[in-house]
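Number of protein chains: 2
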Amino acid sequence: MLIVKKFGGTSVGDKERIFNVANRLVEEYKKGNDVVVVLSAMGKMTDVLIEQAKDINPNPPKREMDMLFTTGEQTSVALMCMALATMGIPCVSLNAFQVQMHTTSNYGNARIKRIDSERIKNELEQRKIVVVTGFQGIDKFDNYTTLGRGGSDTTAVALAAALHADACEIYTDVDGVYTADPRKVEKATKLKAITYDEMLELATLGAGVLHNRSVEMAKKYGVQLVVRSSLNNEEGTIVKEEVKMEKMLVSGVAADEDVARIALIGLKDEPGVAFRLFNHLANHNINVDMILQSVGRDKTKDISFTTNVDSADEAIEIIERHFKEYESLNAEKEVSKVSIVGAGMQSNAGVAAKMFEALYDEGINIRMISTSEIRVTVLIDKKYTKAAMNAVHEAFSLGEI
Amino acid sequence: MLIVKKFGGTSVGDKERIFNVANRLVEEYKKGNDVVVVLSAMGKMTDVLIEQAKDINPNPPKREMDMLFTTGEQTSVALMCMALATMGIPCVSLNAFQVQMHTTSNYGNARIKRIDSERIKNELEQRKIVVVTGFQGIDKFDNYTTLGRGGSDTTAVALAAALHADACEIYTDVDGVYTADPRKVEKATKLKAITYDEMLELATLGAGVLHNRSVEMAKKYGVQLVVRSSLNNEEGTIVKEEVKMEKMLVSGVAADEDVARIALIGLKDEPGVAFRLFNHLANHNINVDMILQSVGRDKTKDISFTTNVDSADEAIEIIERHFKEYESLNAEKEVSKVSIVGAGMQSNAGVAAKMFEALYDEGINIRMISTSEIRVTVLIDKKYTKAAMNAVHEAFSLGEI
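Protein chains in written order, with our numbering: chain A, 2 to 402; chain B, 2 to 402.
Okay, chain A solo, but in the shape it has when bound (with noise of 0.2 Å):
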C-alpha cells in the first residue's frame, strides 16, 4: 500500500509533536507501507514569517512573501526527516523544486497544475519514508508558489493522486467532520463518512475541515480522502465519492454568524436593475451570498442579499455612491445562516419542510431561504443560532447515527 499523510502545523509545531507524528509514521513503514507524508510549516511559524516581512514593507511584493514563506515548510521537512534519522528509518525531505510541484504564477493562491512523481516514486523504491513540503509550488519560470489557505491539503490530495496512492489521510487537530460543531451542538456525532458534496458545502459554510480545493480536486480525481487527528487512533471521516444512506437524509448542520442581510426597497421593476446592483458590488470584489428577489407589484420590487458582515458597510457605501435606483435601504448584522447539507435530499421531498417546521416549532422566524441540490440554508435571527441548530440536529436524529 501506499499512503499519503498530511500533518498540518500545529501537528509539527513542537519538538515533541514532531516524534509524535514520526512514531506514527514509523508504525505505518513498519507494516510493509510506502509511506508519503505532507508537511505544513510548524505552528505559528507563518505568522512569524508574515511579521518578520511586514516589519520591512507593510505591502512586501507576494512574489518574495511566496520566497520567504516557503522556507517555513522546508524547516518542517528537514527537522521530521532528522526525527526519522533518529530512529533509524531511512527518508528524505523534498521541496516544491525537487518534486516539481508546478502550479500557475499567481503568487499566494496559485493553482497545481502537475507534479513530476519520478523523484518520489525512487526514493520510495529505495524504501524511504519521503516528506514533501505542502504549501508550496513552482511556476514555469521556477519561481517559487504559495497555494493559499489549506494549500497542503491540496499538495496532499495532488500527490495521492500523481502517485495513485491507496489512501490519503488527513490529520487534523479535530478527529473527523461532525453532524454539527460540537461546541454550539452537544449531541453532535462523528460521520463515518460523507461525499465530496457535502463536504464542499459544509467547507462553504464555514464548518470545513477540509478546504474547499483539496474536497475538489479529491472529486475530480477520485482521492479517497480520510480526516483523523494527529492526537489519537480515532477512525476518523471517510470523504469519498458516494456513501450509503439508507434514511440518512441530512449529513450536518453548519452555521455561520458573520452574516449581514442588506434590503432594497422600492426598485424598479424592469429588466436590468439586479444586474446594474451586483455588478456594482462585483466591481468592488464584494462577495454576495444569497439573493433574493420579491415579486414584483405595483411596478417596484425589492431586492435583499447577505454578504459577510465585514463587508456590509462598504457594500452599503458603494450602493449609495453608485446605485441610486431604489426608495429605500435597510441592512441588519445580527442575523446568522443556518443550514443542512446531505447528498440524501436530492432523492427526498420534505427535508427542507422538515427543517422549517423544526424551526417555527421553536418560535424561529425564517428571514430568507436559499437551496442547493444537496443543502437548504435559511437567514434567522443571530440569537437564536444554537437553538436552532440544536432543533434542526433533533429533529433529522443526527445525534444518533
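Heads up, a few of these hints could be off.
The list makes no distinction among identical chains, and a pair is therefore deemed to hold if it is satisfied within one copy or across any two copies.
Below are the SDA-like pairs computed for lysine to any residue, each with C-alpha atoms no more than 20 Å apart in a straight line [to be verified]: (1) K191 - L232; (2) K334 - I317; (3) K129 - R64; (4) K129 - S106; (5) K141 - N123; (6) K16 - P59; (7) K16 - D48; (8) K31 - E258; (9) K141 - D117; (10) K269 - R298; (11) K55 - P91; (12) K141 - E119.
Hints in this document: simulated from the structure, not taken from any laboratory. None of these values were measured; they are calculated from a predicted model.
Fit chain B to the supplied structure of chain A, relying on the hints for placement.
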C-alpha cells in the same frame, strides 16, 4: 558595469542593517550599473538552525542539515527584496535552484561546478537588482548542498566569473586587509592591494578576511576582488594577480596562537621513519603544519612538528599507542607562529634574515622555522607573540605604507 557585491550575515542581521545594505545597492544601481548581490543567512540564524536541529537529533543527517541551512539565505534574500521594493526599485531574489548553482554532492562542504547564468542575465536585462542566496548549491540529483565556511564569498566569486562581472566586492565587518591584526599591532595599516597568493597565505595563517576557497577561485578565473566595510565608504583592499610593489617586500604580519609543538627525540636514522610517523597521524585526521627534522648523528635523529593545539593530546596518544620508535617525547602548548607574507620576497634575498634580526633584537628565541616562496614563519614562545609581531612590523616599515 556589472558589479557583484557580497554581504555577510552581520551586514543583514536586522531591519536597520538590511536597509543600510539596500541603500548601498540602490546607490550603485542608480549610477546605471547592473547589480547582483549575494547574501548570507542573517546574523546568528545559522546558529539558531543548528540548535534547532541538534535538539531533535544530536547527529543530524548532513543532507537534511543542508536542507535546513538553506532556509537561512532564502530568508535574507526575500527580506532584502522587500526592503528594495519599499524604495520602488525592481528586484528579484533567487535561490540555488533558480540560479542553477551546481555543486558536488559533498553535503556541508560542496564545491561549485557550474552556474547557469541565463536567469540572472534575463533579470538584469529587465533592470532588476538580482539578490542571490550565498553558501548554497544543488547537486546533480537536485539535493541542496552547502559550501562550508566562507561559502558565500565563493558564491560571489563564482557568479562574478560566470557573469564576467566588472567587479566583485566582498563587504565585511572590517574595511580591508591590514598589514597586521590592529588589535595586536597598533601601527597596522590597511593595504591598498594584495596578491591572490599573499591573501591565500594570510587566510591559511588565520588572518584571513576571505576564505581560501574564494581566493583560489578568484585566482583561477582572474576575478579581481575588493574587500570593503559594509559600515563605511572606505576604499578597501584590492585582491588581484599582481601588485606593484616598489620597495614593498612584505605585505603583512600574521600570528597563530592556537599551536602546539611535539618533539620526538632519538628516532633511528633510517628511511621510512618519518613516513610511518606521519602516516599514523594522517590516518587519524591530525593535521600537521610545520615539520623539522634534525640532521642525523650517532645513528639517531629528532623530529619536531606543530599541530593545532586542540589536536595535540590526541596526536600524542596516537604516537604513544602506534608509533613507538623514539626515546622520548615532549610537547609544548605555550607556543605561537608568527609569519610574514609578501610576494616581493620571491625576488629579494635577506627578507628572512631581516625578520630573524628583528626578533633577536627583542630577545625572542626562534624554536622552528618554515618557509614558502612568499612566506616566512617562525615558532616562538606564546608570551612574545605581540612583541614579535610589532618588532617585525616595525622592521619592514609596514606602518608607513
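message: Tell me the hint numbers this structure goes against, listed in increasing order.
response: 8
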